[in-house]
Each structure stands twice: as C-alpha cells, then as structure tokens.
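Spelled out from the first residue to the last, the chains are:
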Amino acid sequence: MNRRKNAKWVGGFISLLMVTGLLAACGGNNTTGDNGTGNNGSTAAPSASAAVSTDPTQISGTVKVWDWDEAFQKGMIVEFNKKYPNIKVEVTVVNPNDYLQKLQSGIASGSDVPDVILGESAYRGKLFDLDVLDNLEAAPYNFDKSTIIDYVVPYVSNSKGEVIAVDQSLTPAGFAYRRDLAKEYWGTDDPAELEKKISTWDDFIAAGKELKDKSAGKVLMFPGLGDAYLALKGQNFVSYVNGTEIDLTTKLQKPLNRLFEMRDAGIIGKNELWTPAWSASMAKGEFMFYPMAPWGAKWHISANDPDGSGRWGLLKAPEGGFTRGGTAIGIYKDSKVKDAAWAFIQYAYLSDEGSAYNFKTFGNMTSSKSFYETQKALIDAPGAYDEFFGGQNLAKYFVENIVPDMKGEAQSKYDSVLDSVFNALYPLWMKDESVTADSALQKFIQETKNKASDATVK
Amino acid sequence: MKTALMWFCLIVISLLSLFPFYIMIVMGTHYSEDLFKGIPILPGSYLGENLKTVLQADFIKVYGNSLIVSVVSVVLATFTSTLIGYAVAKFQFRGRKLLQTFVIITMMVPTQVGLIGYIIEMRHLGVGNTLWPVILVWAAFPFGAFFMIQFMRDSIPNDLLECARIDGCSEPGIFVRIVLPIMKPGLATLATLVFLWSWNNYLLPLVTINKSEWYTLPIFISNLGIVHRTDYAARMTALTMTTIPVLILFILGSKTFMKGLTAGAVKG
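Here the protein sequences line up with chains H and E, keeping their order.
For the first sequence, position 430 matches number 430 in UniProt numbering, and the numbering has no gaps at all.
For the second sequence, position 149 matches number 149 in UniProt numbering, and the numbering has no gaps at all.
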C-alpha cells in the first residue's frame with residue numbers, strides 16, 4: 001500500500017520536474033521583430049533655450065531616463081557630462097514593447113516615473129494622448145519650433161498643436177534596392193536613372209511587369225503587401241482623425257487602390273513582414289525593393305544580408321518620401337528636474353555638438369536645422385554603410401534627395417489601432433485574390449470600429 | 001515485451017520533451033539573423049559573441065537578484081501557507097469558515113487587478129524600487145494556503161495529533177515534529193511551484209522595479225538586444241544559462257524530496 005502510494009508520488013514529482021523544465025524554458029518574453037526604433041534627431045539652436053541657465057555648471061540634479069538603447073545613453077552621457085558636470089543622468093533599460101504599460105502603472109501608482117520619456121513610433125500617438133508630457137514651447141523650456149526641420153513638427157506635437165517632444169532622429173525612408181538585379185534586368189544600377197524609371201507609381205508598376213517578364217517571374221518588386229503599404233500609406237500624409245472621428249476612406253482609399261493594383265499585376269511576393277522567409281529573402285535576391293530609413297542600413301539590410309556588401313543601393317520612392325520608425329523624446333510634466341532634463345535633451349538631440357557626436361557614433365540625424373548648415377562636412381564625409389551600398393553616400397542622399405519633399409503627419413492614439421488592423425488583415429489579401437480594394441477598405445473600417453469602439457469610423 | 005514497450009514510450013516522450021531544450025541551446029550558438037533560415041540542428045560558431053552580449057549586460061548581478069527573490073519567496077510562501085493550512089484544517093475556532101472562504105475568494109482575483117493597489121501599498125511601506133515588492137507578494141499566497149489546507153486535511157490523521165497531545169507534546173512541538181515531516185511532499189511541491197513562478201514572474205518586476213540593477217532574469221532577457229533588431233540568439237544563450245543550472249538543482253534536489261516522501265508515512 002505504502003509502496004504504491006510512494007510510487008505515485010515519485011511519478012507525480014517527476015512529471016512536475018518535466019513541467020518545471022518546460023515552464024522554465026518559457027521564461028523569456030517574446031517581442032516582435034520590429035523595434036522600428038529609428039535614430040535620434042535633435043534640434044535646438046542654443047538661442048532657443050533662453051530659460052536654461054547660461055552657465056552649464058550651475059544646473060544640477062539627477063535626471064531619470066527610460067531608454068531601450070543603453071549603448072546610446074552610455075556614450076552620450078559621458079559627452080553630456082563634459083559640459084554639464086553637475087547633472088547626473090540615470091538610465092533604466094526598458095523594452096519598447098513594455099514601455100507604455102510600465103509608464104502607466106508608474107503614473108497611476110505614484111511611484112517612479114522617468115523625467116525623460118521616450119515614445120517609439122509604434123506607441124507615440126498613445127503616449128501623446130496620455131497628456132503626461134510637458135509643453136516644450138512654454139516656460140521653462142521656451143523651445144522655438146522653427147529651429148527644427150518643418151516636416152518633423154507634426155510628429156512631435158499633440159492634438160492641441162503644442163510641441164511636447166523632440167525627435168531622436170530624422171527617419172525619412174526610401175527604397176533599398178538590389179544593384180545586381182537592377183543591372184541585370186533593367187540595364188542600370190544608377191540611382192538617378194532608376195529614380196527616373198520609377199518616378200510615378202504607374203511607372204513603378206510598368207517596371208515591375210518588365211522585371212517579372214524578364215526574370216520569368218523569379219524576381220518581383222516587393223517581398224509582400226506589407227512593404228508596399230508602408231510606402232503607400234506613409235506617403236498619404238492627410239490627417240484622418242478629428243477628435244473621435246476617424247476618416248479611413250480619405251486616409252486609405254488611395255493607398256489600398258494602388259496596393260491592390262500592384263497585387264493584381266503580380267509584382268509583389270507573398271511574404272509577411274518580419275517573418276523568417278521575409279528576412280531570408282534579402283540575401284536570396286528574390287525581390288528588388290525594401291523600404292528603408294537611415295537606421296535600416298545597419299539593422300535591417302546588412303544584418304540580414306551580411307555578405308551583400310556592394311550589391312545594395314538607395315533611391316527615393318516613386319512620388320516622394322515617407323517616414324519609418326522614429327522616437328519622440330519628451331519631459332514628464334510633473335518632473336522635479338525640468339531644467340536638468342531639458343539641458344540633457346537639448347544637448348543630446350538638438351545641440352550641434354551633441355548631434356555631431358550622435359551622427360558620428362550612431363548615425364542618428366538630428367532634426368535641428370542649424371546642424372545641417374554648420375556641420376555640412378560631417379554629412380558629406382563617408383558613413384559606415386556607404387561601402388555596403390555601393391559607395392553611395394547614404395546620409396547625404398537622405399538629406400538632399402528625400403527630406404526636402406517630406407511632409408508631416410499629425411500623430412493620433414488611433415495610429416496603433418490602424419497598424420494592428422492592417423497586420424491582421426493583409427495576410428489574407430495576399431492569399432485570397434477575390435478580395436478587392438473596396439471590400440478590403442470596408443473590412444478595414446469594420447475592424448477599426450471593433451477595436452476603437454469610442455470612435456466614429458467612416 | 002511490456003518493459004520494452006514502456007522503455008520505448010519513455011524514450012520517445014523524453015526526446016520530445018528534451019528536443020526544445022536542445023534547440024534552445026543550439027540557437028544560442030548562432031548569429032541571430034541566421035536563425036530565420038531554418039531550425040538549426042548543429043551548433044554554430046557564434047557562442048562567444050552571444051556570451052559577450054549577455055555578460056556585458058550584467059548577467060551575474062541579475063542572476064543573483066533572481067536567486068534572492070526566488071529563495072526568499074519560497075521560504076516566505078511555504079512558511080505562511082503551512083501555518084494557515086494547519087490552522088484552518090486542524091483547529092476549530094470562530095471565523096474558520098470565513099477565513100477559508102476568504103482564501104478562496106482572493107485566489108479568484110487576478111493579479112493584474114490588484115497590481116496598482118499593490119504598488120501603492122509597497123510605496124507607502126517605503127520599499128518601492130527594491131526587490132521587496134517582488135518577494136513580499138508571496139507572503140500572502142492564496143493558492144499556497146488553499147493547497148496546504150486541502151493537503152493537511154487529507155494526509156494528517158486527527159488521531160495522530162490526539163495521540164501526541166495525550167503523550168504531552170506541546171503544540172509547537174506537534175507542528176514541528178509531527179506535522180512538518182508528514183507534509184514534506186506537499187512542501188516540496190509548493191516550494192517547486194513558488195520557485196518557478198517567482199523565477200519566471202514577468203509582470204510584477206516589470207512594473208515595480210525601475211532600476212536596471214534590480215532587474216530579475218525575465219526582464220533582463222527581454223531587454224537583451226532590443227535596439228533596432230531583436231537579438232534572439234543572445235536571448236537564447238541567456239535562457240540556457242538561466243534554465244540549465246536551475247534544472248540541475250532540481251534534479252539533484254529530487255533525491256532529498258523523495259526521501260521526504262517515504263519518511264513521513266503513517267504506519268498502518
């Protein structure tokens with residue numbers, strides 16, 4: 001009797017151990033592949049900071065920052081302390097996927113909240129809507145928004161039109177393309193000539209058909225609908241939210257029509273963004289274009305195609321630029337060390353000296369206008385990934401060819417809703433040819449209604 | 001024949017359970033982006049780099065934090081749960097039923113609901129931003145109390161306690177000399193569960209700890225390689241380093257646990 005009982009216990013315990021092992025293996029938190037955390041940009045003419053004491057050594061305090069990019073902060077803080085020796089900057093590493101939850105519970109419970117708050121593009125609209133960031137145009141900051149590149153202003157403003165953040169980096173996007181494939185099928189790999197070839201989306205579709213025919217269907221334009229949508233939606237800069245009214249038709253009809261036109265022309269692959277097959281396609285040479293912002297050269301293209309040095313190029317998307325990723329930096333409105341926090345933000349993201357360090361070390365491009373006038377030589381100098389892109393000067397190309405015709409887009413808490421609806425719907429659009437642009441838009445509106453029940457959607 | 005079949009089944013099941021472990025270990029030796037090209041079967045050559053990524057990020061300190069949290073949690077949770085279980089299962093007193101119902105009700109409240117309140121409580125206790133909030137949550141552990149109540153009821157005969165009382169054993173003596181030895185299997189189970197749950201706890205440390213130096217392993221791992229790209233390989237290396245020692249500890253400890261299983265049996 002006892003022996004049987006014991007055997008049962010032993011068995012039970014062993015199974016518990018097994019479960020133990022399995023559970024332990026699940027310990028890590030999953031994160032999606034895309035931390036489109038762009039780069040940093042900054043803006044700030046020294047004159048804009050009238051309220052900040054003119055003598056940097058007079059400002060003191062401990063500034064708390066939550067950031068995911070520890071390497072950036074570690075490097076930048078050392079530089080910062082050379083000028084501001086009495087300000088201590090404390091960094092806590094926080095995963096962007098958890099950032100908002102952690103911030104909200106911190107605010108709700110009255111416990112620790114950072115003085116400097118980061119808003120990654122995926123949740124930036126939601127963060128702005130929380131109303132926890134201070135208006136930087138008011139005292140003590142008195143920030144002058146005319147000192148930053150114009151198209152950036154809507155990306156750092158709340159719905160009242162107040163500037164409540166600065167951008168970590170410009171994140172204009174163009175297309176990374178395979179030089180070897182362009183040369184083989186279109187006879188040239190020169191960005192200027194290719195830009196002419198695809199200067200409108202009609203040309204783009206025609207070129208795609210040519211590519212498909214010449215390669216016998218082996219090479220297509222984009223790996224999937226998700227990539228094309230990034231560019232198409234990104235270029236449609238219209239504001240679509242008015243209070244709780246969401247006007248999806250204005251925002252999405254045009255991009256969706258184009259998207260389905262391309263799908264029906266058969267020039268887009270069937271890969272979903274960030275899937276293994278999608279990542280692997282970069283090295284395989286199955287697709288010509290990948291939307292890319294400045295941070296993409298290192299983290300996206302060269303990471304997935306490590307042996308591809310020299311076979312990539314960068315050009316402007318048909319009909320203009322769009323943004324991809326990007327992080328807003330703001331100050332908590334109940335911060336006790338506003339002066340010190342502003343001094344840090346100004347130095348790291350706006351000042352010419354901080355921006356120069358930022359650009360040289362991390363490739364981040366400030367949004368401050370003055371930097372591009374005073375530090376032109378830095379932009380012209382070769383960058384770390386220029387060789388990888390066939391000797392093209394990437395920073396210069398972004399600044400001179402893509403940034404000038406960029407426009408801004410107001411941020412909204414519904415932006416992330418739209419993203420999640422799109423991500424849920426588009427895999428089906430690739431598989432089911434019977435879905436049309438109109439039926440897709442109707443479905444999109446329906447799903448958005450379900451997810452944003454407080455809003456009127458049309 | 002029967003034994004052969006049993007062995008066969010055991011081997012197949014073991015392989016199935018161990019395969020994910022193997023893959024985890026192997027993935028930790030590759031370059032992150034290569035993982036997407038297919039499931040790696042053979043070890044790669046990138047272990048050194050991944051180790052560097054993990055160790056650069058203060059892994060040892062975080063490991064220590066997790067160990068402290070889990071060990072103290074286990075001690076606290078088993079201590080309070082056993083006392084509550086003994087009291088409710090074996091003593092008659094006013095409010096006993098109420099206490100038991102209360103335990104069951106608190107078990108039904110999801111952690112997330114009480115989270116903000118809990119953080120506020122911890123802040124007022126003056127232990128915000130330390131390891132205490134992550135540990136103290138186990139001091140009042142409704143599942144543990146419930147488990148112990150049920151376990152005591154089923155496995156400790158009242159006659160045994162009566163005998164001890166008649167023989168003149170003091171009440172604390174009864175608890176320590178008679179109840180605890182019988183409870184060893186239950187304690188081992190509860191300890192294992194609490195250890196694992198606190199070891200793997202993500203939400204609570206995420207919202208209560210705001211200093212990198214006090215992070216626990218799950219938070220640490222989810223913060224590894226998150227800039228612009230996700231370094232899955234480095235995370236796998238860290239996971240391996242997190243999982244394997246604990247697993248070994250449990251396998252070694254299982255002998256002690258099993259002794260506990262046979263030691264406390266009631267004669268007859």
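No lab work stands behind these hints, which were simulated from the structure alone.
We put the beta carbon where it would ideally sit given N, CA and C, even for glycine.
Mixed in with the good hints, there may be bad ones.
[Stated by the list, open to error] Pairwise CB distance ranges, derived in the manner of DEER restraints: (1) H:238 <-> E:23: 55 to 61 Å; (2) E:48 <-> H:203: 44 to 50 Å; (3) E:64 <-> H:336: 27 to 33 Å; (4) H:202 <-> E:111: 54 to 60 Å; (5) E:126 <-> H:57: 20 to 26 Å; (6) E:55 <-> H:336: 57 to 63 Å.
[What the hints assert, rightly or not] Counterexamples of contact, computed for chain H against chain E with all Cβ distances above 10 Å: (7) 64; (8) 90; (9) 101; (10) 183; (11) 440.
Hints and how they fare:
1. H:238 <-> E:23: 55 to 61 Å: Since the Cβ atoms of residue 238 (chain H) and residue 23 (chain E) sit about 47 Å apart, the hinted range of 55 to 61 Å is violated.
2. E:48 <-> H:203: 44 to 50 Å: Distance hint for residue 48 (chain E), residue 203 (chain H) holds at roughly 49 Å.
3. E:64 <-> H:336: 27 to 33 Å: 32 Å, holds
4. H:202 <-> E:111: 54 to 60 Å: 56 Å, holds
5. E:126 <-> H:57: 20 to 26 Å: 34 Å, violated
6. E:55 <-> H:336: 57 to 63 Å: 35 Å, violated
7. 64: 8 Å, violated
8. 90: 8 Å, violated
9. 101: 7 Å, violated
10. 183: 26 Å, holds
11. 440: Given a closest Cβ separation of 28 Å, the condition holds.
Figure legend: structure checked against the earlier numbered hints; hints not met, in rising order: 1, 5, 6, 7, 8 and 9.
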